[in-house]
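The lines below spell out each chain.
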Amino acid sequence: MTRQGQAGRQGADVRSDCHVACELRDQGGIDLAVESKVATMFGKKIREQVHGVLAEMKVEHATVRVQDGGALPFTLDARVEAAVRAADPSLTRGTLPDPIPGWDGKTRRDRFRRSRLYLPGNEPKFMINAGLYGADALILDLEDSVAPMHKFAARYLVRNALRALDFGGAERMVRINQGSLGLEDLDVILPHNVHLVLIPKVESADHVREVDERVVRHLGKDHGVLLMPIIESAKGGWFAYDIAMAAPSVIALAIGLEDYTADIGTQRTKEGKESLWLRQQVVNAARAAGVQPIDTVFSDVADAEGLRASVIEAKELGFDGKGCIHPRQIPIIHEAFAPTGQEIDKAVKIVCAFDKAQEQGLAAVSLGSKMIDPPVVKRALHTVQLAVACHLLPADWKSQEVSS
Amino acid sequence: MSALVENAAGRLVPTEINGRPAVPFQGVDKYRPTGRKAGPPIRSCADYPADGNKVVGSLREALEKCGVKDGMTVGTHHHFRNGDFVANAVIDTLADMGVRDMVWAPSASFPCHAPMVRHLDSGVMHHIEGSMNGPLGEYCSAGKMRGLGVLRSHGGRFQAIQDGELHIDLAVIAAPSADPFGNANGVSGANACGPLGFALADSLYADHVIVVTDNLVPFPCVPWQIQGQNVDFVVVQDRIGDPNQIVSGTTQVTRSPDRQLIADQIARFVAETGIMRDGFSFQAGAGGITLAFALYLKELMRKAGVKARFIRGGSTKYLVDMLQEGFTDYILDGQTFDLDGVRSMREDPKRHLDTSPFTSYNFHGKGNFASLLDCVVLGATEVDRAFNANVVTHSDGALLHGIGGWQNCLTSKCTILAVPSFRDRIPVILDRVTTLCGPGELIDVVATERGIAINPRRQDLLEAAKNCTVPIRTIDEIADEVNRLTGGPPETPVLGDKVVAAIKWVDGTVIDSVRQSRGL
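So the protein lines, in turn, are chains C and S.
To get our numbering, take the position in the first sequence, counting from 1, and add 8.
To get our numbering, take the position in the second sequence, counting from 1, and add 7.
None of these hints come from the bench; they were simulated from the model.
Beta carbons are placed, not taken as given, at the ideal position from N, Cα and C, and that holds for glycine.
Don't take each hint at face value.
Stated by the list, open to error - Within a straight-line C-alpha distance of at most 20 Å, the following computed EDC-like cross-link-like pairs (lysine to aspartate or glutamate) qualify:
#	chain 1	residue 1	chain 2	residue 2
1	C	LYS53	S	ASP438
2	C	LYS52	S	GLU498
3	S	LYS314	S	ASP249
4	C	LYS45	C	GLU31
5	C	LYS53	S	GLU498
6	C	LYS133	S	ASP431
7	C	LYS53	S	ASP431
8	C	LYS278	S	ASP54
9	C	LYS133	S	GLU488
10	C	LYS133	C	ASP267
11	C	LYS45	S	GLU498
12	S	LYS310	C	GLU343
13	C	LYS52	S	ASP128
14	C	LYS281	C	ASP267
15	C	LYS53	S	ASP355
16	C	LYS52	S	ASP438
17	C	LYS53	S	GLU145
18	C	LYS45	S	ASP355
19	S	LYS473	C	ASP404
Said to hold, decoys possible - Facing chain S, from chain C, some residues (calculated, C-beta under 8 Å):
#	residue
20	SER24
21	VAL42
22	VAL46
23	THR48
24	ARG55
Excised from the complex, chain C in its bound form:
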């Protein structure tokens, strides 16, 4: 029986990644060959690390070939492990390299999710600095951006990225695959402080519950992992409310339009009238269920004005966030979701009136002669938070408000 496995990418243009080919044998010890463009500076460390992972996985006899284009240690580690496991799935490892300090920060259900940057799950070079761009969330994607032949290896890379990279203030998201493949994804990426799991092509509440149950199996009932089902079919649209209510861990509904337009037998257009029903349906279902409606990605990276218009339209329809595929889209999305000066002024007045009513122990909030309803107060609090997040209002605006 041949027991061969490989992981990673080969070729002269490969940067920040490596390719590992592994053949398990019954005798002969470890035969390791490393070819690296950073051999002068890291040759010794690369060899040490590969031997370390092999020992960790109790591999004693193997031929291992590493072609390295400057992979960082978290990538090399993932590639070696994936190659060994591909050769023999029964081989597991004891411990993982230590995670970086601060990797275990928590998220909140009600945080902003204006921008979420998709990162292909098998491309280390896009992940490494992704935390620097100020996105509200980063999505390590195991689904559409990973070719079938790389799906297996990508899981280990994503797991290691979750432990080794600084995501900055971004929420840590993973998009798993559909069906049983997605459940297996969870077996590798949990429990590595995944804040949120995006579930693609959801068409029923059961589908969500299946994922939730798998998370429960790994982390227990109060697992704290949030779920964001993606609605991208006619059926999913029809059952959107049920899907949003499927489990308490669902905190948002996202929408995907490429598959949806194909599903209803039409094509995606720039003005998007073919998807208007679904977008409104998702906003309504999400709001009815008390979760966030999140819009799809805008995929033309070069078209900044088109993106801006698309975000403004999403905001007008009631969406709270937009997906993106390039860091330069992030500031545009944040600007477009930012409240206007008028909106901020009004919200500040309402929040101040609310505070005053609280102080005086009054049940009703009034501004001038007008009574303010609780949902309006809630909306105003949200606007003020958003204004602070967008640097349009200082974080300590209340003290400044008082002193002025």
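Given chain C's structure and the hints, the job is docking chain S onto it.
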């Protein structure tokens, strides 16, 4: 090979270079050569044609008339950058004429000069005094060159010519336009490439000067960036260079998000620390990050309603746009990095000014424009925790780049090095740079995608940056984080004992030496 001594920067350097004594670096502004400047030999107009026609039939004829000899030093210039046809033609002709052991002193070399390897191998060329990259860098790094390579900055080449350390026996100047008397410029003609400032010192100090042109115009050729009374012979050739090749990879705005982030953060830093104010000045040359910096800064200038007094080139389309849109009164230009720069210099000569290393970079000048700049953004291959920087060698120790004007620009009021915190896996901030090119005391800011580090010597800048929206971190914080990420610090490359090149400081002293690379 002479014994090596430790210089004031703690680097081991030779005290003798190619048979002549060399002074080890003594510290910034510590060394002052004395005496009188070198001068060219006395000539008499009676020996030149009274009708002003110095055109001869071929390059070979001109070289023969100048007189060639073994061991001579030949100067050529890089205003065509990677599109130069003349330097190769000159050395090929000298080889045909049987010259041996010559020294090539280009103001810079480019990949197009790879054929010089053949002349080094055959014994025609003894060594190179100028930048070495690509195949020439590899050749020198491998220890194959017979003499010691000498790397100087643009200003350092002028300093060395003026104090007699570098004597040019013969200069050959590629000129996109010239008249039969030898007046020449680079801004007109089908192959216009920009100013000819790098050739100016050679035209004044070399024993013999040949102008090679592919666009002979009737006297007078104006503007005369090179003056005919310094020229011995004029040669007309079919094509002296390809100006499209002056545009290279380093003259495109970066598309990398990480590098755009660096550029954006530097622009905000410059704006928020008050460096950007009405009447300020800056230099942003070639290089993807610096070009992007200029674009981001322009937007911040627009928002703040600020106008610069002058911008120093190398000019590009982006700087030319700023001039035309009223963001600066002047561009002071030493070289043009694209054809928009060439056109602007030709068509807008009252605002887009031709400057040379004599005005801006020369240690023997009575002051330099470079030190008047409010800020300059430069690159580097490596920096260390004391802000010392390397610009010539890769972290494996192999020669990779020339110094260019880099050392000369360090005297600006705020010198900012724009560098990614690591390349592939290799950290850019090290404990010790492989080759020292610029002392840390002259480098004020190291700007990476992970934040901006201000040199602790600049307490004023640290104070000014207090409310900056850009992350301000210590250089140690950034270096430590990158070491964690990359598994660094990397192993120090094991280099040979043999010294293959000397790095000159702007005053002519030796700031560091380059060792033979083992891997090559």
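* Is the Cα-Cα distance between LYS281(C) and ASP267(C) 20 Å or less? -> This hinted pair holds, its Cα atoms lying about 15 Å apart.
* To do: Sort out whether ASP267(C) lies within 20 Å of LYS133(C), counting only the CA atoms.
  => 28 Å, violated
* To do: Answer holds if the nearest beta-carbon of chain S is closer than 8 Å to that of ARG55(C); otherwise answer violated.
  => With Cβ-Cβ at 12 Å, over 8 Å, it is violated.
* To do: Given the hint that LYS45(C) pairs with ASP355(S), test it: the Cα-Cα distance must not exceed 20 Å.
  => This hinted pair is violated, its Cα atoms lying about 47 Å apart.
* **THR48(C) as chain S interface residue, shortest Cβ-Cβ below 8 Å** => 4 Å, holds
* Asked: Within a Cα-Cα threshold of 20 Å, do LYS53(C) and ASP438(S) meet the stated pairing?
  -> Status holds; Cα separation ~18 Å.
* Decide if the proposed pair is consistent with the structure: LYS473(S) and ASP404(C), CA atoms, cutoff 20 Å inclusive. => This hinted pair holds, its Cα atoms lying about 18 Å apart.
* Would the pair LYS52(C) and ASP438(S) pass a check requiring their Cα atoms to be no farther apart than 20 Å? -> The given pair, whose Cα atoms are some 19 Å apart, holds under the 20 Å limit.
* With a cut-off of 20 Å on the C-alpha distance, tell me whether LYS45(C) and GLU498(S) pass. => 14 Å, holds
* Does the structure keep LYS52(C) and ASP128(S) at a Cα separation of 20 Å or less? -> 35 Å, violated
* To do: For the pair we were handed, LYS314(S) and ASP249(S), check the Cα-Cα distance against 20 Å.
  => 35 Å, violated
* Asked: Is the straight-line distance between the alpha-carbon of LYS310(S) and that of GLU343(C) 20 Å or less?
  -> Judged against 20 Å, a Cα distance of about 16 Å means the pair holds.
When the structure is compared with the earlier hints, violations turn up for hints 3, 4, 8, 10, 13, 15, 17, 18, 21, 24 and for no others.
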